[in-house]
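A.B. asks: Spelled out from the first residue to the last, the chains are:
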Amino acid sequence: MSGRESFAAMPERIEVENLFWHPDPERPPVLNRLNCVLEKGRFYGIIGPNGSGKTSLLRHLLRLLRVEEGRVTVNDQEISLYRRREIARLFSYVPQKIEEGVSFSVGETVMMGRNPHLRLFGYPEKEDREAVFAAMKATGVEELADSPMSVLSGGETQRVLLARSVAQACPWLFLDEPVSNLDIFHQFSVMDMLRSLNRDEGKTIVCVLHDINLAAMYCDRIIVLEKGRVAAHGSTAEVMVPELLERVYGVAFRRVGNPGEGPRLFVPTPGMSG
Amino acid sequence: MKKRSPVLISIALAVGLIALIIAASSVGAADIGVLDSLRILLSRIPGIGRLVDVSRISETDFTIVLLVRLPRVLLSGLVGCGLAMSGAVLQGVLRNPLADPQVLGISSGAAFGAAVAIAFGLSFSVLGIGGIAAFAFIGALLTILIVWRISFHGGKGSVVGILLAGIAVSSLLTSVITLIMVMQRDRLEMVYLWMLGSFSAASYLKVGFLFIFVAGVLLLILPSFFSLDVLATGDDSAESLGIDAQKLRRRMIILSSLAVAASVCVSGIIGFVGLIVPHIIRLLIGSRSRRLIPLSCLAGAIFMILCDTLARTLAAPAEIPVGAITAIIGAPFFLFLLWRARGKGFGG
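Chains A and B supply the protein sequences, listed in that same order. The first sequence begins at 0 in numbering that gives the first Met the number 0 and counts up one residue at a time. The second sequence begins at 0 in numbering that gives the first Met the number 0 and counts up one residue at a time.
Isolated chain B (complex conformation) (with noise of 0.2 Å):
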């Protein structure tokens, strides 16, 4: 395929994801314009706040784009943002178009410690990050530790090993889950609307929690990426180029587990956006990561918020589980440029 300019794509993916976040916050069950919710949003911008005039717009239009809508919007844009870079940054790393934070076991990990707070009634709160939540970041990095460990035993392992292991362990986590579900029947229901993903109980808290963590991890992947383009071309022929692959992967996994365990934590299990979105940059613009890193932060970050807005909207007032409008939206779209792109290899 045709790679498009990056610059025009840049431009268009950071207008969009603006754009989006006013539409989608004057979407939902209160009837809110588009301009007036950018009016409020813009009211809160220092400098420009002063010029825009809110007098007709009511308190109460205020505290639902501000306090209800705008941290939903933005924490489902951080998700997008952190699970799509971490899905670039795995599959370069592991050199496998099929890595993803789910293949590595992340994603499970964090459920089952989720889901072992579910059960023993931990609800207890630290600075607004719940129990639930606490445990999932921790669950999910116990097992990308242990999938590690196993994996790549003394310096010793390969880019294939870790990928068993993490599905090994993935499988083991997801049936012990499934052990708690039953043995818990009556808090089955809420472990397994957890696992599907939700972005309903986002808070100014956990977007900053989030965030945290997702701009740290890009910032410290940042001087990377030239590496991680040559780490994509072998480990000899790395390291014959001055890079140390093993240090370099393990550091690039760790990093990338950290933004998968912070988002995961605060949103549940939302599946394929770290597969698909890296992947359709990929066609677009090339696999170098200079490009592709940055472009799937604001990709993601783009059809997270659309398909929660989606999600928060279709059925009203009745929620879809996120995870679920991901997939519908995202497989076909995906099956779709791999047809364009047939017999090309992946970012060919």
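Bound conformation, chain A alone (with noise of 0.2 Å):
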């Protein structure tokens, strides 16, 4: 078991190497030839128009596709060879959203996260029941412990899945647009959460955003995804330009605010797209 154990040491970089997936041939590829390096301990923000490839890009990387072409490696390793508990201590994943033909409650559902670490039967010890309570705790969803999943709000449940990936205590967090169904309010208590997870616990988080502004305010790196490649990746103040916006998002962009004081920020401009 050792041996096992060592191998899936903290990931200190993903490498993804011309991925190209084409799952339906009647259409373009969803991932073309993508490449790009994820490092530790930065926040990434993932972006890109509709169908640019983001969830796909996510997926790979949680070993959630198989890689077909191209490679995705963790630590030098093929992702392929890591088992899937080993992956779930290291990376958690908060999708968009989950099934609900069968109900759980809040409680239940957080509990899920602790999976990667119980033990034969899956019995929660005291350990998982602690690191449970603190994860609600944290995304204040405390209260609904005992509401079945079924009658939150949408906004309830994208903090509750954040919930059960903060109770997972993976070393990286991916999170496929987790403030989408938030009100301002919430979507800034989620990204400070995030923000938080990074400075102060060393967590890695890799965001798709929908909100490129969100994405400028919080995110140290960008990604910006079009049509299954990467049209740039580096830090956000290189990126986060309005000519790069304008031609991936097909939309004018004007910028406000000055350098050195605070984050700059991007208003779309009516009438101008195309």
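Possibly wrong hints are sitting among the right ones.
[Claimed, not checked] A short list of chain B residues far from chain A (calculated; beta carbon distances all over 10 Å):
no., residue
1, Ile-10
2, Val-26
3, Asp-30
4, Ile-47
5, Leu-50
6, Ile-179
7, Met-182
8, Val-229
9, Gly-241
[Unchecked claim] Reference excerpt, derived from the structure (chain A facing chain B, CB under 10 Å, subset only):
no., residue
10, Glu-85
11, Ala-87
12, Ser-91
13, Tyr-92
14, Thr-108
15, Met-111
16, Arg-113
17, Asn-114
18, Pro-147
19, Arg-163
20, Phe-252
Everything labelled a hint here was simulated from the structure, so no lab data went into it. Here a beta-carbon is modelled for each residue, glycine too, at the ideal position from N, C-alpha and C.
Hints given; two lone chains; assemble the complex.
C.D. replies: Here you go:
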């Protein structure tokens, strides 16, 4: 067993080489020879228009999709060589939603985050219950603990899934539009929480975002995807320029704010698209 | 709906099951009191047996309770247990509240096997398991294998796919059974009665056979209770939490199919139990497998013993097909629960 455990060392970097994914021959490839490197300790924002491959990239990084062409390596090891349980102790995933055909309570759902840590028979121990309680408190869902998932609002669901991911206690967190259903207050509270996980606990955050201004405000690295490729990748200041965003999104942007005076935001200008 | 205390419900169901086994053993054409059948049953339990006074009870009563009624009660209980357990598992892994042993074609496969055996007059018997039961068992397993191969060819496939494949294969087999019945008119009634389900041919051998399957499957599912819950939240979600969704689903479908095949081959097709019992338990205590599956087993056993006792007594000396009773009692009760839980969603 010790060999297995040492194999799953702390991931320093994930490397994606020529990742190609073309599930539907009638349509263009979803991921078209995509290259990028993700490094430990950063706060990544993945942005790009609908259908640019953001979620597909995330699913490959988490081994939820098998790499068909190209390579995804974690610490220079092919990701397919990792066991699922190993990955689940290193990388946690906040999906946009989960299935609700069978409904569990909020507390039960957050406890599922402990799955990769549970021993045989999956019986939660004191440590697991404490981790679940702490995660629910941190995400502000502890009062919902006994509510069924089926009665939650979209925003509450997203916070519960975030809580589940926090309970999973992984060094890397991958999030697929974690704030898209939240009001502005909760958007900031979730992003603040991710920032504190990144800065105070050294977690690596990889976050797909729709809102480019949230990305500009919180992320230190931005990956812009366009038609299954990386259009730009670098520090937020380098990448977030109106010219690039206009080209990728097909909408004109005006930048507001001055350099050195907090985040510089982008105001889309209507009537100038195309 | 407010969840009841699961501990209280478990105790109530366990006590109810034991009481029902005793009561059902005293019901029937021969007039044997509940106390007498309790004495007869207790006298056979090692250790307690010597303390029970059975000197007044006739030899005939012993025979009726121990050799006629008890095996039937135990067999019906085990069938109810197996069907309800499988239903609970299948609803979870297929994430569909309508999934039950019938939807996957397991029952039609068994009926097809039985119809073939009856049509060709295969009435041999191996170790007390007749040719019809053996064919039913094989038919059930072959069917689920085919359904699985079609819907998950090469590791790809969807949950909806397996349900659709199950329904298609099921209708196909049902038509073939109809053909067999038409072509072998003299055996039509036999096939039809088999398909309606009955426990009239119960024996301890069948009880032993089914016990091995139901208990064995339950033991093999036991370590996966928590994983089953996680799987119900979606394949991506489960895999990101360290579970191989497809592997777990395949294992669970095979195991529950074994339990269903073993149940159906000794009893014929009994619908509704695998569908409604798990739902009733869900509405009472929620969807966690750790509670849902064991309690579905208990409740399934109770429900089936109750239905079979009614089936053999209501129109005595004639028997009503037990499948008709399960639906007549089950459907309205289930509708009532749905009405009470309306707008809350399944298990919510």
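A.B. asks: Work down the list of hints and note, for each, if the structure agrees.
C.D. replies: For each hint, the structure was consulted:
Against chain A, the non-interface label of B:Ile-10 holds: every CB pair exceeds 10 Å, the least being about 21 Å. The Cβ of B:Val-26 sits about 37 Å from the closest Cβ of chain A, beyond the 10 Å cut-off, so the non-interface label holds. Separation of B:Asp-30 from chain A is adequate, the least Cβ-Cβ distance of about 47 Å exceeding the 10 Å criterion. Distance check on B:Ile-47: its Cβ is at least 33 Å (rounded) from any Cβ of chain A, clearing the 10 Å threshold; non-interface status holds.
Every CB of chain A lies more than 10 Å from the CB of B:Leu-50, the least distance being 38 Å, so the non-interface label holds. Distance to chain A confirms B:Ile-179 as a non-interface residue, since its nearest Cβ pair spans about 36 Å, more than 10 Å. A cut-off of 10 Å between C-beta atoms confirms that B:Met-182 is not in contact with chain A; the least separation is 42 Å. With a least beta-carbon separation of about 5 Å from chain A, B:Val-229 fails to lie farther than 10 Å from that chain, contradicting its non-interface assignment.
A beta-carbon of chain A is positioned within 10 Å of the beta-carbon of B:Gly-241; the least distance is around 3 Å. At about 8 Å, the closest approach between the beta carbon of A:Glu-85 and any beta carbon in chain B falls short of 10 Å, and the interface hint on this residue holds. For A:Ala-87, the suggested interface contact is upheld, since its CB lies about 3 Å from the closest CB of chain B, less than 10 Å. Hint on A:Ser-91 holds. Least Cβ distance to chain B is approximately 7 Å, under the 10 Å limit.
Taking 10 Å as the C-beta contact cut-off toward chain B, the hint placing A:Tyr-92 at the interface holds, the least distance being around 4 Å. The beta carbon of A:Thr-108 comes within 7 Å of a beta carbon in chain B, closer than 10 Å, and the hint placing it at the interface holds. Checking A:Met-111 against chain B by beta carbon gives a least distance of about 5 Å; that is within 10 Å, so the hint holds. The beta carbon of A:Arg-113 is positioned within 10 Å of a beta carbon in chain B (closest approach about 9 Å), and the interface hint is therefore held.
Evaluation of the A:Asn-114 hint against chain B yields a held restraint, the C-beta minimum of about 4 Å falling below 10 Å. The beta carbon of A:Pro-147 is positioned within 10 Å of a beta carbon in chain B (closest approach about 4 Å), and the interface hint is therefore held. Hint status for A:Arg-163: holds, given a least beta-carbon distance of 8 Å to chain B, under 10 Å. A distance limit of 10 Å between C-beta atoms decides the matter here; for A:Phe-252 the minimum to chain B is near 33 Å, and the interface restraint is violated.
Checked against the numbered hints above, the structure violates hints 8, 9, 20; every other hint is satisfied.
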